[in-house]
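2 protein chains.
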Amino acid sequence: MEKDKKLVEQITPMDEDFAQWYTDIIKKAELADYSSVRGCMIIRPYAYAMWENIQGDLDRRFKETGHENVYMPMFIPEGLLQKEKDHVEGFAPEVAWVTQGGNEELTERLCVRPTSETLFCEHYAKTVQSYNDLPKLYNQWCSVVRWEKTTRPFLRTTEFLWNEGHTVHATQEESEEETIRMLNVYADHVEQMLAIPVIRGEKTEKERFAGAIGTYTIEALMHDGKALQAATSHNFGTNFAEAFNMQYTDKNGKLQYVHQTSWGITTRLIGAIIMVHGDDSGLKLPPRIAPIQVVIVPIAQHKEGVLEKAAELKARISKIARVKVDDSDKMPGWKFAEYEMKGVPIRLEVGPKDIEKNQVVLVRRDNGEKISVSMDEIETKIPSLLDDIHNAMFEAAKRVREQKTSSAVNMEEFKDIVENKTGFVKAMWCGDRACEDKIKEETGATSRCIPFKQEKISDTCVCCGKKTDKMVYWGRAY
Amino acid sequence: MEKDKKLVEQITPMDEDFAQWYTDIIKKAELADYSSVRGCMIIRPYAYAMWENIQGDLDRRFKETGHENVYMPMFIPEGLLQKEKDHVEGFAPEVAWVTQGGNEELTERLCVRPTSETLFCEHYAKTVQSYNDLPKLYNQWCSVVRWEKTTRPFLRTTEFLWNEGHTVHATQEESEEETIRMLNVYADHVEQMLAIPVIRGEKTEKERFAGAIGTYTIEALMHDGKALQAATSHNFGTNFAEAFNMQYTDKNGKLQYVHQTSWGITTRLIGAIIMVHGDDSGLKLPPRIAPIQVVIVPIAQHKEGVLEKAAELKARISKIARVKVDDSDKMPGWKFAEYEMKGVPIRLEVGPKDIEKNQVVLVRRDNGEKISVSMDEIETKIPSLLDDIHNAMFEAAKRVREQKTSSAVNMEEFKDIVENKTGFVKAMWCGDRACEDKIKEETGATSRCIPFKQEKISDTCVCCGKKTDKMVYWGRAY
Numbered sequence: 000m001e002k003d004k005k006l007v008e009q010i011t012p013m014d015e016d017f018a019q020w021y022t023d024i025i026k027k028a029e030l031a032d033y034s035s036v037r038g039c040m041i042i043r044p045y046a047y048a049m050w051e052n053i054q055g056d057l058d059r060r061f062k063e064t065g066h067e068n069v070y071m072p073m074f075i076p077e078g079l080l081q082k083e084k085d086h087v088e089g090f091a092p093e094v095a096w097v098t099q100g101g102n103e104e105l106t107e108r109l110c111v112r113p114t115s116e117t118l119f120c121e122h123y124a125k126t127v128q129s130y131n132d133l134p135k136l137y138n139q140w141c142s143v144v145r146w147e148k149t150t151r152p153f154l155r156t157t158e159f160l161w162n163e164g165h166t167v168h169a170t171q172e173e174s175e176e177e178t179i180r181m182l183n184v185y186a187d188h189v190e191q192m193l194a195i196p197v198i199r200g201e202k203t204e205k206e207r208f209a210g211a212i213g214t215y216t217i218e219a220l221m222h223d224g225k226a227l228q229a230a231t232s233h234n235f236g237t238n239f240a241e242a243f244n245m246q247y248t249d250k251n252g253k254l255q256y257v258h259q260t261s262w263g264i265t266t267r268l269i270g271a272i273i274m275v276h277g278d279d280s281g282l283k284l285p286p287r288i289a290p291i292q293v294v295i296v297p298i299a300q301h302k303e304g305v306l307e308k309a310a311e312l313k314a315r316i317s318k319i320a321r322v323k324v325d326d327s328d329k330m331p332g333w334k335f336a337e338y339e340m341k342g343v344p345i346r347l348e349v350g351p352k353d354i355e356k357n358q359v360v361l362v363r364r365d366n367g368e369k370i371s372v373s374m375d376e377i378e379t380k381i382p383s384l385l386d387d388i389h390n391a392m393f394e395a396a397k398r399v400r401e402q403k404t405s406s407a408v409n410m411e412e413f414k415d416i417v418e419n420k421t422g423f424v425k426a427m428w429c430g431d432r433a434c435e436d437k438i439k440e441e442t443g444a445t446s447r448c449i450p451f452k453q454e455k456i457s458d459t460c461v462c463c464g465k466k467t468d469k470m471v472y473w474g475r476a477y
Numbered sequence: 000m001e002k003d004k005k006l007v008e009q010i011t012p013m014d015e016d017f018a019q020w021y022t023d024i025i026k027k028a029e030l031a032d033y034s035s036v037r038g039c040m041i042i043r044p045y046a047y048a049m050w051e052n053i054q055g056d057l058d059r060r061f062k063e064t065g066h067e068n069v070y071m072p073m074f075i076p077e078g079l080l081q082k083e084k085d086h087v088e089g090f091a092p093e094v095a096w097v098t099q100g101g102n103e104e105l106t107e108r109l110c111v112r113p114t115s116e117t118l119f120c121e122h123y124a125k126t127v128q129s130y131n132d133l134p135k136l137y138n139q140w141c142s143v144v145r146w147e148k149t150t151r152p153f154l155r156t157t158e159f160l161w162n163e164g165h166t167v168h169a170t171q172e173e174s175e176e177e178t179i180r181m182l183n184v185y186a187d188h189v190e191q192m193l194a195i196p197v198i199r200g201e202k203t204e205k206e207r208f209a210g211a212i213g214t215y216t217i218e219a220l221m222h223d224g225k226a227l228q229a230a231t232s233h234n235f236g237t238n239f240a241e242a243f244n245m246q247y248t249d250k251n252g253k254l255q256y257v258h259q260t261s262w263g264i265t266t267r268l269i270g271a272i273i274m275v276h277g278d279d280s281g282l283k284l285p286p287r288i289a290p291i292q293v294v295i296v297p298i299a300q301h302k303e304g305v306l307e308k309a310a311e312l313k314a315r316i317s318k319i320a321r322v323k324v325d326d327s328d329k330m331p332g333w334k335f336a337e338y339e340m341k342g343v344p345i346r347l348e349v350g351p352k353d354i355e356k357n358q359v360v361l362v363r364r365d366n367g368e369k370i371s372v373s374m375d376e377i378e379t380k381i382p383s384l385l386d387d388i389h390n391a392m393f394e395a396a397k398r399v400r401e402q403k404t405s406s407a408v409n410m411e412e413f414k415d416i417v418e419n420k421t422g423f424v425k426a427m428w429c430g431d432r433a434c435e436d437k438i439k440e441e442t443g444a445t446s447r448c449i450p451f452k453q454e455k456i457s458d459t460c461v462c463c464g465k466k467t468d469k470m471v472y473w474g475r476a477y
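As they're listed, the protein sequences go chains A and B.
Going by numbering that gives the first Met the number 0, the first sequence opens with residue 0, and the numbers climb by one from there.
Going by numbering that gives the first Met the number 0, the second sequence opens with residue 0, and the numbers climb by one from there.
Same shape as in the complex, but just chain A (with noise of 0.2 Å):
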């Protein structure tokens, strides 16, 4: 079996270099690839048919929570975008800007959409009229650019994939209530889907979206010990009902601004997937959004009977789970190391000798473990396997938080944690921009979030000193 090693000896170990073990997957798990467009890349199939599954997921979430699905110009003009002061400021210094249109010089700029805040506002301000036409639940699925000076696949890119809602309702309990319906929405499928937990919790204010009066997000850690925002929905109280003019009429006939909320989760999620379960032999897929759940490898596929098996229980499989056969002319250790590397959760070997026992092996790409199976149970155990796989995944990742999470009461816990540990850290903070900004400066970690499950850490900030009553969620992150 050298022929399989030689695959995996290509990838640098996570622990070497976690940057460049990231980088390898995507190479060779055939994820995506760089293009001559500076900061933008091509999502290949592998991974596009992740995203096909995580977007149905949550397409069928958003659409049984009421919310419809639009389409909105991806073009902006810069006066448009200039209408809300705190948005503007937040986003014009990283748009791309187009100036030409065929042969004419355009009067007007327009910005290739980072957001599209500004033209739902625009939308709304002319389609709601009265407390009738509230709430509006809208969606849209799409790209947006943001034009970010150093990239990397997935985490962080020019162009990106993401869903943006956007909702108006008649008052500020309904679209509080909607903004954290929506974070739940997304904590749901990150964790029931994807097998990441993640913390539910407030940003601070300077963590806040531009011109949003509440932020909500979910953290996740990654393997490395870093962050991730996985989502976020954002509370943009009146904001921009005033400076766009939506106003509709109440029940007593009196103008009201609506109030509005936005979401939103991108294709960073697939870099948050390998930084999560990945290990040293490449990609460890959450079978539920993995493209294919089952891989059949026929060993002595040359031998009589073999390959008409795999096909037959191809047919078999392919109503329970995502299956492929690989009767390639390749030896079946290089097969096995290469849908590891693609994280492909089961592995069916299928052989001569499993023929005369009638039964099969299914290897867990997760924990490695070889189970042998009658012919006659694979409708039942796969599926079974499958769940009992999620579930081992995710508790596996808990664990990895739990482990990498700590608690500092002062700097130089936190300081020492932050640099010899990494993780989360959890500590107390005073609600003061100034200690946040501190703490950004002496250990760069950055306020995650005000978990909606608070601890008692301490009594105290752990910057200043005051006393307080708040705990945060700390770290360095993507």
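Some clues are possibly wrong.
Given that identical chains are not distinguished, each listed pair holds provided it fits within a single copy or across any two copies.
[Stated by the list, open to error] Below, simulated BS3-like cross-link-like pairs (lysine-lysine); rule was C-alpha separation at most 27 Å, straight line: (1) K62 <-> K318; (2) K62 <-> K27; (3) K125 <-> K135; (4) K125 <-> K250; (5) K27 <-> K250; (6) K302 <-> K250; (7) K425 <-> K397; (8) K225 <-> K329; (9) K26 <-> K205.
I should point out that these hints are in silico values taken from the structure, not numbers from a laboratory.
Guided by the hints, dock chain B onto chain A, whose structure is given.
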């Protein structure tokens, strides 16, 4: 029933002003809205749901024929666009240029993709090495931009949504087979899902896609007698392969150029649905892509048991069709008009008298027919009625097309048809560009396609009188 008339009266009758009728429907049925971005439209939920149904069916057909989805960057560097001579000549005059990213002036302009051949070529040149890597069958769903001077919602907009398939093959034979296969996939979709009959054929050299050696098309006829190109499929031969150096090693170790195709269908299909099926009461949606297939309108809904029965029927029907109950406090007549405008294929009326008789009334949008059906039978009646409606709509569209298809043997006849009868003109053509240009100049009609199913109209070119056996469909077109 004054109220239900009001909604209808606001539409311009089709025969009075077809263009205004089209615009009125788009507004009244809430399909699209204008934005402050010149030439770009907002696709509203009802139209977007149609697009999702179109996309879902096509995506399934693409995958069944072995294609995989990917995502390419939305930007193309100017140098890359210029690599294939014909291609850049065709597209450069109508692209939007990004010249600034963040605060920096770009050293090389980026165009917003008008189509992505060049990016796919660059990627294939890197990833295809040997005959083992072929064919590559990729598709992407995205939006593209073409800087149009005059625009109309769905039919011609600066930005539009589409699919673009891009494939590479070992031989010319295989790429030709793929080009025709995908044309047929489109034709089947348009006929079987949208109930729009199409003519399948090849474009003349003049009407070919920039860079192609052969372009195939499906052409549909609108209610006003103008043609609409519903989809195209192109064979590039080795044109791009030579420009981008896309080579592979064949079985004999020899370097060969790949043979390439591309094919696309766009949101203009929604325009076609409006203009093929609609009438003076509004849209008529083909049942298989209608967002709402059955709308339940409760009659005398304040009476005991009516709303409960409506809800019960909805629960039952939702298992077999896309169904909605309108229990708002509008008058039934008003609701009738509203769902006629929205083109919902079946209206189900249920009131106290119906409940007494254990029946419901089904009203067909396509021909106005009313049918009383026992409540026990709705699970069988509704699906078969939806099929009947589909078939009837297809046949009605075909009849209109046949009525508006004429043959011309000389230019007199040709001009007379275009000016007075409108519709398709079948006429013989010698194959010379000069005659094609002259026909356009004198009649305004362009060659729509050289149909696969040839007919003999006469022995000689309709324009120059030269002997020929090539028959062409001509017409004014959107």
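Tell me, which hint numbers fail for this structure? 8 and 9
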